[in-house]
Amino acid sequence: MKINNNMKQYLVLFVFLIINLPSAVAQEVEMGDVMRSEGKIYVVVAVAFIALAILSFYMIRIDRKVSKLEKELNK
Amino acid sequence: MKSTIARSWWWKITALVLLFYTYYEGFLGEVPRMPILNETIRNLYFHVTMWMAMLVLMICNAFYGIIYLNKSDLHFDLVAEESGRMAMIFGIAGLITGMVWANYTWGAPWVNDPQLNGTAASLLVYAAYFILRNALPDSTKRARLAAVYGIFAFVMMIVFIMVLPKMSDSLHPGKGGNPGFNKYDLDANMRMVFYPAVIGWTLLGVWMMSLRVRFRKMELKNEDQQ
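Taken in sequence, the protein lines are chains A and B.
As numbered in the working numbering, residues 1220 to 1294 make up the first sequence, in order.
As numbered in the working numbering, residues -1 to 224 make up the second sequence, in order.
Any given hint could be a false lead.
Said to hold, decoys possible - Think about it this way: if two alpha-carbon atoms lie no more than 20 angstroms apart in a straight line, the pair counts; the simulated DMTMM-like pairs of lysine to aspartate or glutamate are: (1) A:Lys1259 <-> B:Glu28; (2) B:Lys219 <-> B:Asp71; (3) A:Lys1287 <-> B:Glu217; (4) A:Lys1287 <-> B:Glu221; (5) B:Lys219 <-> A:Glu1291; (6) B:Lys219 <-> B:Asp136; (7) B:Lys219 <-> A:Asp1282; (8) B:Lys215 <-> A:Glu1289; (9) B:Lys215 <-> B:Asp71; (10) B:Lys215 <-> B:Asp136; (11) A:Lys1290 <-> B:Glu28; (12) A:Lys1259 <-> A:Glu1249; (13) A:Lys1294 <-> A:Asp1282; (14) B:Lys164 <-> B:Asp111; (15) A:Lys1259 <-> B:Glu37; (16) A:Lys1284 <-> B:Glu217; (17) A:Lys1294 <-> B:Glu217.
What the hints assert, rightly or not - Here are some chain A residues the structure puts well away from chain B; computed CB gaps all over 10 angstroms: (18) Asn1224; (19) Asn1225; (20) Lys1227; (21) Gln1228; (22) Tyr1229; (23) Val1231; (24) Val1234; (25) Met1250; (26) Ser1256; (27) Phe1268; (28) Val1285; (29) Glu1289.
Note that these hints are calculated values from the structure, not bench results.
Note that CB positions come from ideal geometry on N, CA and C, so glycine has one too.
Please construct the entire structure, taking both the sequences and the accompanying hints into account.
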């Protein structure tokens, strides 16, 4: 019967929609997935790490210099 | 702050390790997918942590002010002053990073938000702390007045950034009907990065503060010898 066939189609469509609903909602929010999949995010991490490493190195250096001065002043 | 702790390395290395962890997980860790926020939710590790570090340093400022009033040792006044200075620096960093973030999520760098105006006002209250210090030449009088004003400034800061924004509408999460970060935004994944990040940035602030205290003490000693 023709009506039955139509209903079947709608049912399939409905089930398809229900199954895909969560992923459709999740993909609505745009994130930096391309950058992540290309691995370019590691470039950002590398640059940030280098900046932080230089800052840490400098902090340690200042701390050492202050300690050295303290020792000299306390003599 | 005791000088033996100021000279030891373990907590400084901890601060750096936590900061490296923050940078690694901050860029690569899993974050919830939220509309409008998108990837900027990662700013939680770099913007909100500035405020947490500022808060701890302001607590140090009030705390060492009280200790100075108890013990009348100018060393504690020095620690209080330098904590206030570092708190200002972290506060300014928090303000600027917040403006960049707000520009892309709220549409303008400065929206008329009670949280923003409150933090600006509390930073001005702390600016007045340094103006007060500079206005008084006598060191003991300066220390005593600054300690009392520091306690007042701390109370004002609590009112400005923690009480008033909660009573009126604010765009910030957790204020004025907006859900807090820990309701559903701050999931277990982000928490595992956020708390270490807070500790790391705070320890870095304390480290910088202790270096300035040591430097100032040597300066004072040098002045005495001459």
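Of the numbered hints stated earlier in the document, which are not met by this structure?
11, 25, 27, 28, 29
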